[in-house]
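Chains as they are written, first to last, in our numbering: chain H, 78 to 369; chain D, 78 to 369; chain L, 78 to 369; chain U, 78 to 369.
In case anyone wonders, no lab produced these hints; they're calculated from the structure. Do not take every clue at face value.
Straight-line alpha carbon distances no greater than 25 angstroms define the calculated PhoX-like cross-link-like pairs of lysine-lysine that follow [as the list claims (entries may be wrong)]:
| id | chain 1 | residue 1 | chain 2 | residue 2 |
| --- | --- | --- | --- | --- |
| 1 | L | Lys364 | L | Lys321 |
| 2 | U | Lys294 | U | Lys112 |
| 3 | U | Lys82 | H | Lys198 |
| 4 | H | Lys198 | D | Lys348 |
| 5 | L | Lys348 | U | Lys82 |
| 6 | L | Lys80 | D | Lys198 |
| 7 | L | Lys348 | U | Lys294 |
Protein chains: 4
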Amino acid sequence: MEKFKDVQSQSPPVTSHLDRVGITNVVRPIEVSRKKTITLIPTFRVFVDLPPSRKGSDLSRDIEALEDVVEGEVEGRSKGIEYVAELIVNRLLERHPYATYAEAHLTADYFLERSNPKGRKTVEKYTIMGIAKKRAGEEAQRYIGVVATGISVCPSAMTTVSRLVGRASDDPPFISHNQRNDVTIIMQVPNGIDVEVDELIDIAEMSMSAPTYELLKREEEGLLVLNAHKNPKFVEDVVRDVVKNLVNKFKDFPDYTEIEVRSESYETIHKHNAYAEKSGKLGDFKKELNGS
Amino acid sequence: MEKFKDVQSQSPPVTSHLDRVGITNVVRPIEVSRKKTITLIPTFRVFVDLPPSRKGSDLSRDIEALEDVVEGEVEGRSKGIEYVAELIVNRLLERHPYATYAEAHLTADYFLERSNPKGRKTVEKYTIMGIAKKRAGEEAQRYIGVVATGISVCPSAMTTVSRLVGRASDDPPFISHNQRNDVTIIMQVPNGIDVEVDELIDIAEMSMSAPTYELLKREEEGLLVLNAHKNPKFVEDVVRDVVKNLVNKFKDFPDYTEIEVRSESYETIHKHNAYAEKSGKLGDFKKELNGS
Amino acid sequence: MEKFKDVQSQSPPVTSHLDRVGITNVVRPIEVSRKKTITLIPTFRVFVDLPPSRKGSDLSRDIEALEDVVEGEVEGRSKGIEYVAELIVNRLLERHPYATYAEAHLTADYFLERSNPKGRKTVEKYTIMGIAKKRAGEEAQRYIGVVATGISVCPSAMTTVSRLVGRASDDPPFISHNQRNDVTIIMQVPNGIDVEVDELIDIAEMSMSAPTYELLKREEEGLLVLNAHKNPKFVEDVVRDVVKNLVNKFKDFPDYTEIEVRSESYETIHKHNAYAEKSGKLGDFKKELNGS
Amino acid sequence: MEKFKDVQSQSPPVTSHLDRVGITNVVRPIEVSRKKTITLIPTFRVFVDLPPSRKGSDLSRDIEALEDVVEGEVEGRSKGIEYVAELIVNRLLERHPYATYAEAHLTADYFLERSNPKGRKTVEKYTIMGIAKKRAGEEAQRYIGVVATGISVCPSAMTTVSRLVGRASDDPPFISHNQRNDVTIIMQVPNGIDVEVDELIDIAEMSMSAPTYELLKREEEGLLVLNAHKNPKFVEDVVRDVVKNLVNKFKDFPDYTEIEVRSESYETIHKHNAYAEKSGKLGDFKKELNGS
């Protein structure tokens, strides 16, 4: 009799392949080094599949795979959150020899020093994601994601208010409602190519009515508000402009590159949110924008 | 030997009085009948104190006390969420004879049919609270609370933008930033008096730049936006106006009536929120407003 | 010049089809009548697609579509949460003539009277979902979902503890760790067939180590704990047993019926959660269980 | 006419002193150096009071006060999260000359390397808090807080199950239910004294049935489960043991030292949580434990 029985490796009474078995809600600080070294505190979700012949997955190996990577035992400090995800899926498949597929998701707060409308320095918060998916024997697929919060000003209410007060023109800027807008971009990173999360954050911010800032003195606040009202946008406009800006920026990427874009607006005149979404492949996005 | 030992009634090794022992995160539909019968689905937190002589509180009695009330075994369908809380604390002290104090908190979504700026019917969501606190041998103290979400328009950015564009006047309405604003009011309800949560919701909504609505057709949206921009308010203004409106409405209530007012604004030009708060007794609020 | 310009119907500068445009975080009480009439307070998400030729979707029509259904203007009180979703997607396509696709998701707390291990009555909380998806000109597809929380006892730690204390057998019941386990089932409901959420809740509960109860007196608590320890299960076992029980119950449903099953266990010996998942079509599940 | 009007400094129409005006939900990485330098990513809430004579508080000064401290302009890298809070309240009162009171709350994830029951290294997650409160002209009062998650095993169900199976003794260890238990300790840090958050985390963990670990191989898991079942505890026991351990550890602290202790248990046999709480002053806690 073995000292401590390996219950996980037994045959289960019901034989059925499971798509994802793993752990969620693991939080652990990591250091990544691209332009400089920074500390991230991601929440991790990692999974492998499970063949019908096994009762359980050895979940402690998920933590070990994660620690191997985080502690730099695999290949030193990683270049970015998506590389951490990639190293984890590689290690997951080594540590779970019965698995044919592995997946890792990391989500973390991220901070950039920005300049507000008068050039004053301010530190802004974003969410970033690193995802990797790997079939045994194939290359891992990496994805990066960002959520950036900015402001969107409603174009429709602006024209309505213009007419209610008898204003001669409907043109911006004028009084409207405006809201916090969360823009999410998730993009596949083709093998052999590097994409910075900062590039996706720039695209998210340039696609809203305006980016927002933690520190704004009086005139800076006024300029931000004025600029945003010169550039009113629906959530639909935000998503389309992200798509256009992504296509312009990454036009040389392979057509199969997967992209997902979302804009959610926390309406100030309603208790509910407005939402728009588009997913697909870069090649199809390019064709559509070129009208072909 | 008793069949199933009462571990809770044993003496604990460490003797120390505990302030609150009970259960949280209980969710249970109830019906209350004031003007009409409605279904609420509150989250309950109920507590009693525990003397140093007892190892544990019989927590199943908390659920029984709650069920006694919810099922109407105590005194039929209740008039309101604060009466449910009161019935529960009475029952808690009956079912926990070793306790000298009981507390119950209920928090629920609540809906009112409202008229939007052109009179169109719309159903709006609020949060309401019912709280009761009772010392053994004394009357229970009841509290009601509301959270209402509306819009607040920034008065400072409005004057700055006016000057940036060379507008002749700083007066409202003009372009500014505006945000979702959560107004919270919690008020003691003196014994023998009834206060409707609807009255507190009305005060919360009249104290913001404007209430908001789920359903707004084009002109209605424009009117809401225009009206809110005619009435710009800081979170500080919102709290002071709630205080003023409460004092006006409930001026005949006893001076000891406890009141807590909060306004939190989900800033559209920042990622952070603006916040203001005032707590105290009605008598002190009256004196302060009267300049004495 | 029209009085209030229809900005949404203009051509956008970037032409790109959007997959989903709509509103999220709408909360609204509804009544549904199957065996009896109950009040649900779902959170709604409703979407239509948007052609490249239109700048915006008329989001107020989403609220109107929802209200048409909730107020019973369409066809009286609905039989269930998935029928409400279906009525909404039908109405969305009527109210958005430019749309070719509509989707509605409803998620609500739900309560059932249950009997605990000694037959005592207790009221238990679940989450239910109703989903509908419709392409213009095709029949809507309906889905129902449930989340049920129960207890799972770890089979592996039970054998390890048995050996650590020199117990003669590894067999259950013995000391182990046990946890809250959230089981999620989402299943397509083929047209012309009715599935009760109660049936899915029953399957979720019978697939865990044991269901749990809000009210348990001393012996009832002991019986629940003992029964759960006689029936230890990994999250993997829970998912496989749900799959087996679904296949047994709904074996006559069409092979294309889509099913998604998840089990998440809030581990008491870790800060993280254990997770297992399986998605697919009923026909494939049947083949796999029959070993073909 | 001043270029950009200072609306905040105007007299408000309603004159009423506000207790707290400030900003919430600010997230910003900081470095603190005690034994070593670590990165924390706290969520900040900072407030000052507002006299009746002023319409608004200059909220951009809150961000500036926070940045002064975070960027080390005030006095270099801070020793701990409660010192960051103290530096912020000092700076708040300098930047808001009209204020007589300031308050700062920081809450952050925190990680410690721990040894699991067989000595294997594992990294564990906690929550820590730093709080400071200052009246103008007085010394700031500092507080530190921790939340540690461990396991608690129910003593009552253990005796009931023992009797249900006809076991000769009720003594631990035996089958019971066990749960995640969040222990919160908030303690005033008297001026001139340093308390490490690690000391409070140690006390929280030694007061539960057992601490828990992210990484546990088979035997380590068994030992943790066995040890926890040898040490069954109600939430009431956990709170009393924290109180006893705090009094032992900090017996030389001044009697006025404020302490708050909470234990919340995510019951695996119920959908609700069990909860116990005690607040007060160290001097009173000492008297109570000494039976005087």
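Against the structure, the hints:
no.: 1; hint: L:Lys364 / L:Lys321; in the structure: holds, 11 angstroms
no.: 2; hint: U:Lys294 / U:Lys112; in the structure: violated, 30 angstroms
no.: 3; hint: U:Lys82 / H:Lys198; in the structure: holds, 23 angstroms
no.: 4; hint: H:Lys198 / D:Lys348; in the structure: holds, 15 angstroms
no.: 5; hint: L:Lys348 / U:Lys82; in the structure: violated, 52 angstroms
no.: 6; hint: L:Lys80 / D:Lys198; in the structure: holds, 23 angstroms
no.: 7; hint: L:Lys348 / U:Lys294; in the structure: holds, 15 angstroms
Hint violations for this structure: numbers 2, 5, all remaining hints satisfied.
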